[in-house]
Structures are given as structure tokens and as C-alpha cells.
Amino acid sequence: MPLTRTHTPSLELQHDVHTVLGVISCRQGGNLDGEVIVFWPSLMLTGSAMFHAQYKHFAPTHRIVLIDPPGIGHSQRLRDTLTIEQSSTAVIEILDSLEIERCVFVGTSWGALGGSVLAAQHPRPHHRRRPHQRHRVCA
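Just so you know, numbering that gives the first Met the number 0 puts 103 at position 104 of the sequence shown, and the rest follows in order with no gaps.
What the hints contain is simulated information worked out from the structure, not anything from laboratory work. Any given hint might turn out to be false.
[What the hints assert, rightly or not] Derived DEER-like restraints, expressed as beta-carbon distance ranges:
no.: 1; residue 1: Ser96; residue 2: Glu34; range: 16 to 22 angstroms
no.: 2; residue 1: Asp15; residue 2: Leu42; range: 17 to 23 angstroms
no.: 3; residue 1: Thr82; residue 2: Pro59; range: 34 to 40 angstroms
no.: 4; residue 1: Ser115; residue 2: Ala52; range: 19 to 25 angstroms
no.: 5; residue 1: Asp79; residue 2: Arg101; range: 19 to 25 angstroms
no.: 6; residue 1: Lys55; residue 2: Arg101; range: 20 to 26 angstroms
Backbone N, C-alpha and C fix where the C-beta goes; we use that ideal spot for every residue, glycine too.
Taking the hints into account, I'd like the entire structure generated from these sequences.
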């Protein structure tokens, strides 16, 4: 049974994940049995603020994870200089903490840069796709 409501799906679960960037707050909701979509916004907005419309659209069919960047929303403020490589490592730590093996990763601005480094430096094993499954690429 999905965790969504009929009017506006709400984010039901909040997780604070210890990462190389400090404690990063993530909220998830939607259909917890669906494919996972992870959203990382720019460094100036929370995941729920930037991706509210996308959450409403995909929540009935997908498990959605919205990340608050360091120093924004409920995430711990930065303790030092931030690098793209640290951001991609933090995403891996978040995925591992939430027990996510596969996901569609969507990022804007800094989130997109981190997602690009994530794909290049932390490739996940390829999974065998069924013929009816399509490729999905988001950045």
C-alpha cells in the first residue's frame, strides 16, 4: 500500500544519515515498493522545496528520496570546504543507509555535478534488464 494521500502526497519518513559531509537529512515517501528516484537539488534549496511537483507526480508509483544539501533544511551545516567528490560519496552513503541498490538519480546544479561524479567514480554493478525495460538517464 503506497504511503501517499489522495490530495497531496506527503513525505512520511525522515532519515538523518551520517556522511562525509556531516549529517544529511533525507525524506522519503511515495510507493515504497516502486522504483526508487533520488533527488538532490542545488545547494540553496531543500529537496522537498525544489522537487515538490515531481514528488506529487511520481509518488503514486515510485519510492521517492529527497535530499537536503549540507546546511539546508534539516541537514547539518558544513564543517569544511565542500567538494563534488565528497557529495558523490555522500550519495553512496545515503543509498547504502537506505538500503537502495538501484535508483534513478536526478540532480540540479550542484546535485547534477555530484550525480555525474557519482556515475563516473562509483559505478554500481550492471543489472540484467528485461527486454521491456527502458534505459533511464537523469542528471
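Results for each hint:
no.: 1; hint: Ser96 with Glu34: 16 to 22 angstroms; verdict: 19 angstroms, holds
no.: 2; hint: Asp15 with Leu42: 17 to 23 angstroms; verdict: 18 angstroms, holds
no.: 3; hint: Thr82 with Pro59: 34 to 40 angstroms; verdict: 36 angstroms, holds
no.: 4; hint: Ser115 with Ala52: 19 to 25 angstroms; verdict: 23 angstroms, holds
no.: 5; hint: Asp79 with Arg101: 19 to 25 angstroms; verdict: 31 angstroms, violated
no.: 6; hint: Lys55 with Arg101: 20 to 26 angstroms; verdict: 23 angstroms, holds
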